[in-house]
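**Student:** These are the residues of each chain, in order.
4 protein chains.
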Amino acid sequence: MTTKNVAVFVGSLRKESFSRKFAHALRELAPASLALDIVEIGQLPLYNQDYDAAPPAEYVAFRDRVRKDDAVLFVTPEYNRSVPAVLKNAIDVGSRPYGKSVWDGKPGAIVSVSPGAVGGFGANHHLRQSLVFLNVPTMQQPEAYISGADKLLDAEGKLVNPGTREFLTKYMLAYAAWIERVAK
Amino acid sequence: MTTKNVAVFVGSLRKESFSRKFAHALRELAPASLALDIVEIGQLPLYNQDYDAAPPAEYVAFRDRVRKDDAVLFVTPEYNRSVPAVLKNAIDVGSRPYGKSVWDGKPGAIVSVSPGAVGGFGANHHLRQSLVFLNVPTMQQPEAYISGADKLLDAEGKLVNPGTREFLTKYMLAYAAWIERVAK
Amino acid sequence: MTTKNVAVFVGSLRKESFSRKFAHALRELAPASLALDIVEIGQLPLYNQDYDAAPPAEYVAFRDRVRKDDAVLFVTPEYNRSVPAVLKNAIDVGSRPYGKSVWDGKPGAIVSVSPGAVGGFGANHHLRQSLVFLNVPTMQQPEAYISGADKLLDAEGKLVNPGTREFLTKYMLAYAAWIERVAK
Amino acid sequence: MTTKNVAVFVGSLRKESFSRKFAHALRELAPASLALDIVEIGQLPLYNQDYDAAPPAEYVAFRDRVRKDDAVLFVTPEYNRSVPAVLKNAIDVGSRPYGKSVWDGKPGAIVSVSPGAVGGFGANHHLRQSLVFLNVPTMQQPEAYISGADKLLDAEGKLVNPGTREFLTKYMLAYAAWIERVAK
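One line per chain: the protein sequences are A, B, C and D, in this order.
Counting in the working numbering, the final residue of the first sequence is number 184, and the numbers go up one at a time with none missing.
Counting in the working numbering, the final residue of the second sequence is number 184, and the numbers go up one at a time with none missing.
Counting in the working numbering, the final residue of the third sequence is number 184, and the numbers go up one at a time with none missing.
Counting in the working numbering, the final residue of the fourth sequence is number 184, and the numbers go up one at a time with none missing.
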C-alpha cells in the first residue's frame, strides 16, 4: 500500500479559522498511509467562463496541483446555511473547462466545522450535491459535523478534546479505507 | 402604490451570460410598479471574515447600495448543481458583519436559467436555503426554472420565445404582488 | 384581529414522540390569537394516484379538515436525514388531486425536533423544498432546530427547560405576526 | 464475476406508473452480470418506532428480502419536489431497528422519472441525502433524470425511445462497474 496524497481544502479565509485548525488536526491524526496537504484557494479570482480559453495563472497552478493528488478532503464552515463562496469558487475553478475537471474520480470526504449548534449540516450536504456532478465518490459514513468547534481547541488552536480526537482518528482511518476501496 | 426598487443579481460573469440576458428581459417585462436594476457583483473580493472590522471599499459600496433597495431578485445559472461562487460571494458579503445583513426582510424571488435540461433546479433550491437564514421572504409560486435558455434568445440575445415571455410577464406580476403582500 | 386556526402536523407516530410533546408545548405557549389543534395523519393510507378519482374516506376527511384551517405548523423529527414518511404522506395526500391542494397559500412554519445533535436540520429543509411547490409561504426567521429534545422535557413529557420555553414563546409570536403579514 | 442480485424499489403505487415501466426497461437493458428484481413496498404500514420491538409481518418479510440482495436501485417520481411517501417509508422501515439497517454498505443508484421538465431532480437529491446516513455508496455518474417520461414509452408502456435506451444501457453498465468497484 503506497502513501496517498490527499489535497485538503479549507472553506474559510480568516486567519484564525476553526476549519483550518481542524485541517491541521486531521493531518496530525491521519494514518501513515495518508499524506495531507492544504491547497490554498483564497488567491483564485472569481470563476468566469470567459477565462476558459486563457486562464489566469492562479487557475492553471491550482488545476495542475489538484490533478496530481489522489484524494480530496474538504474542511469547511457553513456560511448562510450553505458552502462558503471561497470553497465553491475552488470547486467551480477546478471543474472547468468542460471535460477537464480535476475532481473526476478522486475519493472525497467532508468535515464541516461550526462554532454553532448544527455542525455545518447545510454546507456539508450542499457540497455533497456538487460532488455528485463532479463524480467524486464521497465517503458516506461516518459523517462529520463538528459543533461548538471553538470549545474543542486550546489557546494555541490545537484540538485538545479527547472525544473529538478519537472520533476524527477513526474518521481518517475510515477515509483511508474508503480511498483504497474506490481507487480505480 | 409607489414604485419599488428591485436589486437584480446575476450569477454569471461571462460577457454573453444567458442569465444576464434574462435579467434584461425581466426588466423589460416587469410591471410599471417595479424598477429593476442590476447590481454588479464581480468586483467583490472573496469574503473573508477578517475584513469585517475594516471592509474593502467594494464591500462598503455594495452593502450601501443593496440596503436602499426594496426587494431582491436573483437570476442565476447552476454551476456544479449549486449556486455559482460569484453569487454566493455576494450573498456572503451582504450578510456580514453579523447583525448588519443587508438582506433582512427584503422580499425575494429566484429565476434559474440553464442551457441544459433541468433548469438550474439545484442552484435555485440551494439559494432558497440561504434565504431562510437571511430572512428573505421568498416567493414560492410560480417557480421559474428556465431550461434550454440558449434556444429562447435571438442573435442579439433578446428573449423572443412567446411562451417564455408570457410566463415571465406573469412571474413578474406575481412578484410585484408578493412584494406588496409581505412588505412591512 | 380574529383568532387563527392552526393545523399542527406531528411527524412521528410513536406514543412517546418528542415531536408530539413539543406540539403540546407549542399549543400552550402560543399567543391567544392562535388556536392550535393537532391533525392526525397516521391513519392515512399510503398515497396512490389511482385513488384520485375515488379517494379513501380518510383522505376526504383529512382534506376537508385542513382546507378549513388558516395556517399549517409542522413539528417533526428527522428520519434518515429527511422528512419521516408519515409526514411526507400527509403532504402528498393533501396536495392532490392536481389543482385541489389543501396547502395552497396557507402560512406555514416548521419546528424540527431531535434527541440528537443537529436538530433535524435535514428534515426541516427538505420539508421547506416541498412547501415551495405547495405555495405555502413559510416563516424564514426564527428557524427552530431543537436538539437534545429528551433532556428538555420532564418525566411527564412537559417542556420544562426555561430557555427553550422562552425561545418557543417568541417563535410562536413571530409566527402569529407572519400569519397576519402574509394572509391574503 | 458472479451475478449480482439488485433489489429495485419503485416510488409510485399507481398501476400505470412511469417509474415501474422504467424499472422494467432497466431490467431488460441491464448487463447479464446484474439480476434485477422489483421489491414491492406498497404493503408496508407507515413506519412507527413502537413497532421496533414487535414488527408487523410485512416489515419482517421486507427486511429479510432486502438483506439478501447485493445492491439497491431506486426508480422514482418526484412528489412535491421530494421523495414520494411510499418510497421514504420503505427507506425508513428498512433502516430500523437502530443498528439493524438492511441498507448498510449496499451499492446504490437512483433513476428519477418524471413526465415533467425537471426530471425529478428534487426527489433524486433528497434520496441521496438519506443514503449518506444509511451508508449506501451511491453511484455519482452518470446521473439519471428522465424528463418527459410519458413521451418515451409506447402504448404498451415499453421504452421505445432509442436515445433513452442507449443512455440507460450505459447507465446500467456503469452501475455494474460501480457495484464491482465498491463491493467489500
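Where hints are given, some of them may not hold.
If several chains are the same, the list does not tell them apart, and a pair holds so long as it fits within one copy or across any two.
Think about it this way: if two alpha-carbon atoms lie no more than 25 angstroms apart in a straight line, the pair counts; the simulated DMTMM-like pairs of lysine to aspartate or glutamate are [said to hold, decoys possible]:
1. K68 <-> E58
2. K184 <-> D154
3. K68 <-> E16
4. K170 <-> D52
5. K184 <-> D70
Everything labelled a hint here was simulated from the structure, so no lab data went into it.
Predicted model only: the values in this text are computed from it and were never measured.
**Student:** Next step is simple, just say for each hint if it's right about the structure.
**Tutor:** Hints, one by one, checked against the model:
no.: 1; hint: K68 <-> E58; verdict: within (16 angstroms within a copy, 36 angstroms between copies)
no.: 2; hint: K184 <-> D154; verdict: neither (40 angstroms within a copy, 39 angstroms between copies)
no.: 3; hint: K68 <-> E16; verdict: neither (29 angstroms within a copy, 33 angstroms between copies)
no.: 4; hint: K170 <-> D52; verdict: neither (40 angstroms within a copy, 29 angstroms between copies)
no.: 5; hint: K184 <-> D70; verdict: both (11 angstroms within a copy, 20 angstroms between copies)
The structure is inconsistent with the numbered hints 2, 3 and 4, although it conforms to all the rest.
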